[in-house]
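A.B. asks: Based on the sequences and whatever the hints tell you, model everything.
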Amino acid sequence: MYYVLSLLTQIGIYAVIALSFNLALGFTGIINLSHISFLALGAYTTAILYTQFGMSFGVVMVLSGLLSGCVALFLIYACRKLRGDYLALGTLSFHFVIYSFIRNLETITGGTRGLIVDRPAFINDGINFFIMVVGLAVVFTFILARIVRSPFGTLLGAVRDDEKLARALGKDSQLLKVKAIVISAFITGVMGGVLAFFLRYVHPDFFFLYELVTILTIVIIGGLASLRGTLIATFIVLLIPEILRFVALPSSIIGPSRQILYSIILLLILLIHSRGILGKVDLH
Amino acid sequence: MIISRKIQQFIKLRSFIRATVIVLAALMLLLGCARSKMTIGVMVPLSGDAAAYGTSVQKGVQLAMETLNVKNVEVVFEDSVCDPKQANNAATKLITIDNVVAIIGELCSSATLAAAPIAEANGVVLLSPASTSPDITDAGDFIFRDVPSDAKQGVFAANLVYNDGNTSVAILFPNEDYGKGFSGVMDEAFTSLGGTTILESFNRGETDVRSQLTKIKRANPDAIFLISNSPDAASAAIRQIKELALTAKLYGSEGLKSDAIAQTPGAEGLIISSVSAGTPDFMARHEQKFGEVPGPFSAQGYDAFESIARAIEAGAKDANGIKNELYTLSFEGVSGTIDYDENGDISGGYELFIVQNGQFVPY
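The listed protein sequences correspond, in order, to chains A and B. Quick note on the working numbering: the first sequence kicks off at 1205 and runs consecutively. Quick note on the working numbering: the second sequence kicks off at 224 and runs consecutively.
Simulated from the structure, these hints should not be mistaken for laboratory data. Glycine is no exception: its CB is placed at the ideal position from the N, C-alpha and C atoms. Any given hint could turn out to be false.
[As the list claims (entries may be wrong)] Here are the computed distance ranges between Cβ atoms for each label pair: (1) A:C1274 x B:P585: 56 to 64 Å; (2) A:I1468 x B:E466: 44 to 52 Å; (3) B:E466 x A:A1282: 33 to 41 Å; (4) A:E1310 x B:N443: 23 to 31 Å; (5) A:N1308 x B:T430: 13 to 21 Å; (6) B:G363 x A:T1311: 20 to 28 Å; (7) B:S481 x A:Y1414: 19 to 27 Å; (8) A:E1310 x B:G514: 38 to 46 Å.
[Said to hold, decoys possible] Only part of the chain B face toward chain A is listed, based on derived beta-carbon distances under 8 Å: (9) G277; (10) D302; (11) D306; (12) P307; (13) N312; (14) A337; (15) S356.
C.D. replies: In structure tokens, the structure reads:
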């Protein structure tokens, strides 16, 4: 059942991406709409370093994460004076900048032709790849769960709920935000590398608004500041469109009706649970 | 009381298990029956911004199924949204759940390239009726297409413009895979013929190209070749060419072939090269069945199905057999001669159209 295995692998990858997004968005309150650009940076770093420079798998993964982390550091520094909607706009435009770079830096990224990615032999098999993704997902979920339950995680919540109060109590809110977003970007960068190996091909259009909407949907449906909710939502958001492939729809309306059913299900979830499945907080 | 409730629960559980077993057995029976038939997957964008192309190919395939009436062949349609990840899922589902021997699709080059490694790894034929990226040529042994590569259209366009008596041409192209590939080849071919070229690009979806046109006007070329696969951008460009009073002769790529463009002020005399829209007989049958003229790539969709159907009728029993038959296949399809070369490409022909009185007529 390679189809099921391939879906589960995808769910594993997206779960980690969404969990790390939730660390910045839900737990710290940074409306970071350039999360997908970290994913893109990781994927392209992997594609270029592994396939073209032949660097080893482990080194490539770490470098993918580090590059995304460094770029996140720059982003949060550049946006240090922005709050709320303005931060959202600032990070979104940063996403467009990265996207345009990837799209137009043809000599390095292949531009709109994309890049073919070779898989390392030991994960060429679907089952081995799945095991690797599960391993990574467990490790990262464990790390994230430890972070949000630690005193550091509580401080992140304080920054989200009342930044002025946190600062009045002598907490360096800026530093806390930097730490949160760099961790989030590092993990996403690594998963970008995994995604590149999974798809065996990277193209700038993988990393445009559509992906951002998917990740945002997962986090919102699951609920802000809830790791368990995000995990459940990843299954819902990624599996429903696939399950709908098996609903016997007349071939003339397959496309639109799948989309309509999918949106209705997501809307119903949000109508019943307005904070998402296990959401605890609202952003203001 | 308690005991009887437990018994009731047990009975419920038993009937539940029995029902499950029956359903599973029925499913297996169904799957077993399905095996005796060969299944072909059709994976095209049926939603999203490329859905119009997807439904047009779908109609071509449906018409082919009805006309050829091949026995023991079943078709499953999947929506892959012109998106690489969706194409990945759709291809995996078709191959591992529906056990297809061949897939017709995708249309968008990036989605086809994303599905190609899966088809190649599982040994299933992937035949695209619309992806024109030159990269698909080397995508694999099982990867075919019945539409010519951009590389060929670029050379054709260069010859067309040069043989019309133009020694300099400005090429205006969208800054994406299709536009870059096309303009690069055309630039090279036109220069080697002895002409000079000016290249100007615009971003996909952009509808203001005045600054590019002003530069072109200053260079004063004999002809302008407009590459576009977005009707909105193309008709805006044509209007602006008229506004800026450029006198160069106007040519365009196949993406311009729509009524909206023919009716744009300033489009009169525009000459375009286009992949075949189908033989008159095909057009008549299409119009009779669906009440409309065939859309883009409908004829290619028809020929894709016919290619696979012919391979099966020639005795191919599985995907590998179909692949081998396809390489030896040669027939007159509704979109032209179908004869796959060693890369799974066809040489294909182009047709010329000119705008006269707000309509495209053969040139």
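A.B. asks: If a hint holds in the structure, say so; if it does not, say that too.
C.D. replies: Consistency of the hints with the structure:
1. Checked against the hint of 56 to 64 Å, the pair C1274 of chain A and P585 of chain B passes, with Cβ atoms roughly 58 Å apart.
2. For I1468 of chain A paired with E466 of chain B, a C-beta distance near 46 Å keeps the hint of 44 to 52 Å intact.
3. Distance hint check for E466 of chain B and A1282 of chain A: the Cβ-Cβ separation is about 40 Å, which falls inside the suggested range of 33 to 41 Å.
4. For the pair E1310 of chain A and N443 of chain B, the beta carbons lie near 29 Å from each other, so the given range of 23 to 31 Å is met.
5. Take N1308 of chain A and T430 of chain B: their Cβ atoms lie about 20 Å apart, and the range 13 to 21 Å holds.
6. The beta-carbon spacing between G363 of chain B and T1311 of chain A, approximately 25 Å, falls within the hinted interval of 20 to 28 Å.
7. Our hint of 19 to 27 Å for S481 of chain B and Y1414 of chain A holds, since their Cβ atoms are close to 26 Å apart.
8. Under the hint 38 to 46 Å, the C-beta atoms of E1310 of chain A and G514 of chain B, about 44 Å apart, fit the expected range.
9. Interface hint at G277 of chain B: satisfied, since its Cβ lies 7 Å from the closest Cβ of chain A, which is below the 8 Å cut-off.
10. At a threshold of 8 Å, the smallest CB-CB gap from D302 of chain B to chain A is about 4 Å, leaving the interface hint in force.
11. Of the supplied interface hints, the one on D306 of chain B holds, with its beta-carbon coming within about 7 Å of a beta-carbon of chain A, less than 8 Å.
12. For P307 of chain B, the suggested interface contact is upheld, since its CB lies about 6 Å from the closest CB of chain A, less than 8 Å.
13. Given hint, N312 of chain B at the interface with chain A, holds; its Cβ is 6 Å from that chain's nearest Cβ, closer than 8 Å.
14. Hint on A337 of chain B holds. Least Cβ distance to chain A is approximately 5 Å, under the 8 Å limit.
15. Because the smallest distance between the Cβ of S356 of chain B and any Cβ of chain A comes to about 7 Å, under 8 Å, the interface hint for this residue holds.
The structure meets every hint from the earlier list without exception.
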